[in-house]
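Engineer: Next come the chains, spelled out residue by residue.
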Amino acid sequence: MRSLTLAMGAAGLLLWPWAAPRYFVFLASLIVVNAIVAIGLNLLSGYTNQLSFGHAGFLAVGAYTAAIVATRAPGAPVVVALLAAALVTALVGLLLGVPCLRLEGLYLAMATLAFGFVVVEAILNLDGLTRGNDGLRVPAARLGPWALATDGARYYLVLVVGAAMVWAALNLVRTRTGRALLAIRESEVAAQASGIHVARYKTLAFVISALYTGVAGGLFAFVVGFLSPDAFDVFLSVDFIAMIILGGLGSVPGSMAGAAVLTVLNDSLAGFQNYRPLVFGAILIASMLFMPGGIASAARRLRAPLAGPPRIAPGSRPPLQGERP
Amino acid sequence: MRSRWRLPLLALVVLVAAPARAEQGVTDTEILLGGSNSFSGPLAFSGEQATKFGVDLYFKAVNDRGGIHGRKVRTTYYDDGYKPQEAVANTRKLVEQDGVFAIIAPQGTPPVVATLEYLESNTVPLLFPFQGSPITRGRKWVFSGMTLYDRQSRMMIDYLVGRRKVRTFAALYQDDEYGKAFLTAFEKDLRRHGLTLVAAESVKRGTTDVSAQMAKLHAAKPEVLFLVLTPGPGAQALRERQKIDWTEVIMVSSGPLTDERYLSLAGSAAEGVEGLSLWPDPLTSDRPGVKQYREHMQTYFPGNQPNRYSLSGYFAAMLFTEGATRAGKRLTREGLVAALEGIRRFESGILPPVTIGPDHETQRQGFWVRVERGRFEPLTDWLSAE
Amino acid sequence: MTTAALVHVVVSGLATGSIYALMALSLVIVYNATRTLNFAQGEMLMVSTFAGWTVYAHVKLPLVVVMLIAVAAAALLGWLIERVIIRHAIAATHFDLLIITLGLSLVLRAAAGLAWTHDEFPFPSFFGTRPIALGPVRLAPVSLGIVGASLTLMLGLWALFTRTRLGRAMRAVAQNQRAARLVGISVERVYAASWVLASVVGAIAGVLIAPVIFLSSQMGFVTINGFIAAVLGGFGSMPGAVVGGMLLGVIENLAPLYLPSSIKHSVPFLMLIAILLIRPAGVLGRVTRPKV
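Chains as they are written, first to last, in numbering that gives the first Met the number 0: chain A, 0 to 324; chain B, 0 to 385; chain C, 0 to 291.
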């Protein structure tokens, strides 16, 4: 039964550009891009508890890197642009992650906030490269002799890259790295005491998170086609935080669900811009008060109704994937 | 009937009876227009005024009279907050999901310029954007909605140097295409008179604090300071001048800034300010079109005060109506463009007669104003820059 | 840059610095009592200032009354939020509370936009506009007024914390919640009092700064600078908040005089990065070691 639904889901995803109107294909690409960012952010904030208010900054670095590669090296295949985006953003993640090791909680959150801001300023000041506040048009992604000039072509690119990254994320949790990150989340001191090099893993989390967001940024640039620095503000970072909170911290499928719900919601509220922060804010508050585990924990409860509600003290963190309550 | 002929005859009947391929955004009863505009951010006030109380005001009157060739005009807008990336996303949604016939009166140079390529490659008319970057001149699908910045600059410089004998100029400008287009134009026009700017300071789009810039400009001692800003920082510049007691300078606002709006934010600091006004005084002018605009405003939105922003939207809708009427019952985008290009000496009752040529410019004039008791009073007749 | 211009700029810097100091103080007051950072502090003061302004727009009351209305609105808002939302999440982690206040800031800003639109509005000022001349130096009355009013308020707060019972109770809870409860202090009451006090301080700051930066739904962003000021001075320390605020205000105004003007809005973040790298405890803070 399960493999049938999965097969149908996969078929639906593959056939989407044929079935859906152009705008919804674009929207689907956007959902996948946001899902990749959410997974990346989740890795940092959901696993190692380093709350980041600056992920829009990583997205901007990835997007602009890919756009600049595509502009300056017109024939270069899209893989090169995405790879460049991934590497540059990962490097930036490293540069941010190391000093952030000394900080925690509130200070870390504010440092990431400052980071997001600094990235935007840098983009504005490097206006010879980025065209500053006027914005940068992104040329079509190239794959060999073809230009990915339609929404459908871009959708398939995003889908392939997205699938690879989701698969990698799901497998990461099962590896030693994943378990180390989970241990750090429980208690840094205990993890250190049991031999885990906490500083190294926390930095690694930053780098991987940045890498994911950088790749998403590159895809974002090609999907949207135009970049301007003022779109990568703290509110975008907050949108991503909302996605992982809604989806459920520490859950990869949860992050994807959160991204899907909020991207669609965002688009439907386009005519009601005034209500958008209201709805998003209400979702954040409601999630924290009534559903701290997000969609992921709700889904888990639905799947095991006979097991009864998990016996956890109110307010403490919900069980992670694979863990018993 | 012989069965052999039935199928081809049926096909012929279907082909003949089928409606001609309908243009996107046009049905038998309705024309759909839209635009990405500012409903939040630095241009929130002018965006709201130009659309809801400007474009929509005129179309309300048109629809009440039966519409254009029996079709009512409907509008839909999305907020981009003066951000180019959002404007592109909104515009795409308007064209692909809402299926608008044309984009009308979007606002702001960077957002509008960002959408140019998309609209051109999708052959969607961009009608009367509230911005004046020369980049938009002479494009097949674009018709300007404001006297373009290079013309504005020429009028301003020629007037100040020629009639007022000013020699030293400085500029406080927004750090993007809006400000830079003016800056380039100022430099060019000053060079014709053998002059240059003695100082220029930039302000980042979206910020309001200008105290540091004003201090530096003060040190350069210009006779005239051009303000190429949005209302927020523009008002701050006036207040800052008052705070540092800089009395020997004339503050001159750019075309889009010249409206009582930014004066009201500046309060008592607004006396003696001058500028280039692109529109007759919406509150006091007795030109027939402006009077009718006030009557319509009183009818449909009695609480709303007339201003140049809603007047410009109103004018944009008027031009569209003229073009669509001339284009005929069978309305297509090509047809609209051709009809607009054919407009000669169109009398709007608001501006001097409009003639649209191959450069697709709908306005080429402005006049000088100075603030007296809180309102801009005219100092000259219509200036022109050919 | 002439000395006259320099003095003018420094005084302006002290004025904005005072506002940052007040913002920092309100953040620190809430944090010390409840260990929560209130992301919605700026939006709360913005709503309170709008409330005062709305009354003023209909009935031309004296400005002092407008300020009192804003203060009352702030006290009510602070109390309501603490009671209705924060109290229910009392067992939640601080991370959760942070997210809740974040959501609250979004809700308040959207609500303000719906009620008053996102436009900007001029706000009446207590102080005149004619600059005061001291030789070649020009001082803006609004700058001097803000500094004076802020210092008075800070003195009032100092008196509250050192001389009154409530103040001492708040300091006790800040030091050790459990011990405070053991000696009979109602921690719940201190929580509520802290939120109300912080909102009131914020509202006063809002009424002082609104004439300068215009009243709008975006006015709340000044809190970020308040937070940075608190970190600069040593987060948790009230004298630190004041020192940090003044320092930030002056440097923010001086930097763009000698560097490109556009550096001004980067200054707070650059200073934050610098202090986090060099001395996270801040100028006046004490370095603490986390207990296992």
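By construction, these hints were calculated from the structure, which means they are not laboratory data.
For glycine and all other residues, C-beta sits at the position ideal for the given N, C-alpha and C.
Incorrect hints may appear among the rest.
Unchecked claim - Just some of the chain B residues that point at chain A, by a computed CB distance under 10 Å:
| id | residue |
| --- | --- |
| 1 | ALA88 |
| 2 | LYS92 |
| 3 | PRO109 |
| 4 | GLN297 |
Claimed, not checked - Per label pair, the in silico range of CB-to-CB distance:
| id | chain 1 | residue 1 | chain 2 | residue 2 | range |
| --- | --- | --- | --- | --- | --- |
| 5 | B | SER120 | A | PRO98 | 55 to 65 Å |
| 6 | A | ASN124 | C | ASN175 | 43 to 53 Å |
| 7 | B | GLU222 | C | MET0 | 17 to 27 Å |
| 8 | A | ALA121 | B | GLY65 | 54 to 64 Å |
| 9 | B | ASP358 | A | PRO138 | 51 to 61 Å |
| 10 | B | ARG191 | A | LEU264 | 48 to 58 Å |
| 11 | A | GLY127 | C | ARG162 | 55 to 65 Å |
| 12 | B | ASP358 | A | LEU128 | 27 to 37 Å |
| 13 | A | ALA121 | B | PRO287 | 53 to 63 Å |
As the list claims (entries may be wrong) - Covered, in the sense of this in silico footprint (three residues per stretch, anywhere, with C-beta under 8 Å from a C-beta of chain A), are these stretches of chain C:
| id | segment |
| --- | --- |
| 14 | 8–19 |
| 15 | 75–81 |
| 16 | 226–238 |
Engineer: Now tell me, hint by hint, if it's right for this structure.
Structural biologist: Going down the list of hints, with the structure as the test:
no., hint, verdict
1, ALA88, "holds, 7 Å"
2, LYS92, "holds, 6 Å"
3, PRO109, "holds, 5 Å"
4, GLN297, "violated, 27 Å"
5, B:SER120 with A:PRO98: 55 to 65 Å, "violated, 45 Å"
6, A:ASN124 with C:ASN175: 43 to 53 Å, "holds, 47 Å"
7, B:GLU222 with C:MET0: 17 to 27 Å, "holds, 21 Å"
8, A:ALA121 with B:GLY65: 54 to 64 Å, "holds, 56 Å"
9, B:ASP358 with A:PRO138: 51 to 61 Å, "violated, 28 Å"
10, B:ARG191 with A:LEU264: 48 to 58 Å, "holds, 55 Å"
11, A:GLY127 with C:ARG162: 55 to 65 Å, "holds, 60 Å"
12, B:ASP358 with A:LEU128: 27 to 37 Å, "holds, 33 Å"
13, A:ALA121 with B:PRO287: 53 to 63 Å, "holds, 54 Å"
14, 8–19, "violated (count 0)"
15, 75–81, "violated (count 0)"
16, 226–238, "holds (count 4)"
Comparing the model with each numbered hint stated earlier shows that hints 4, 5, 9, 14 and 15 do not hold.
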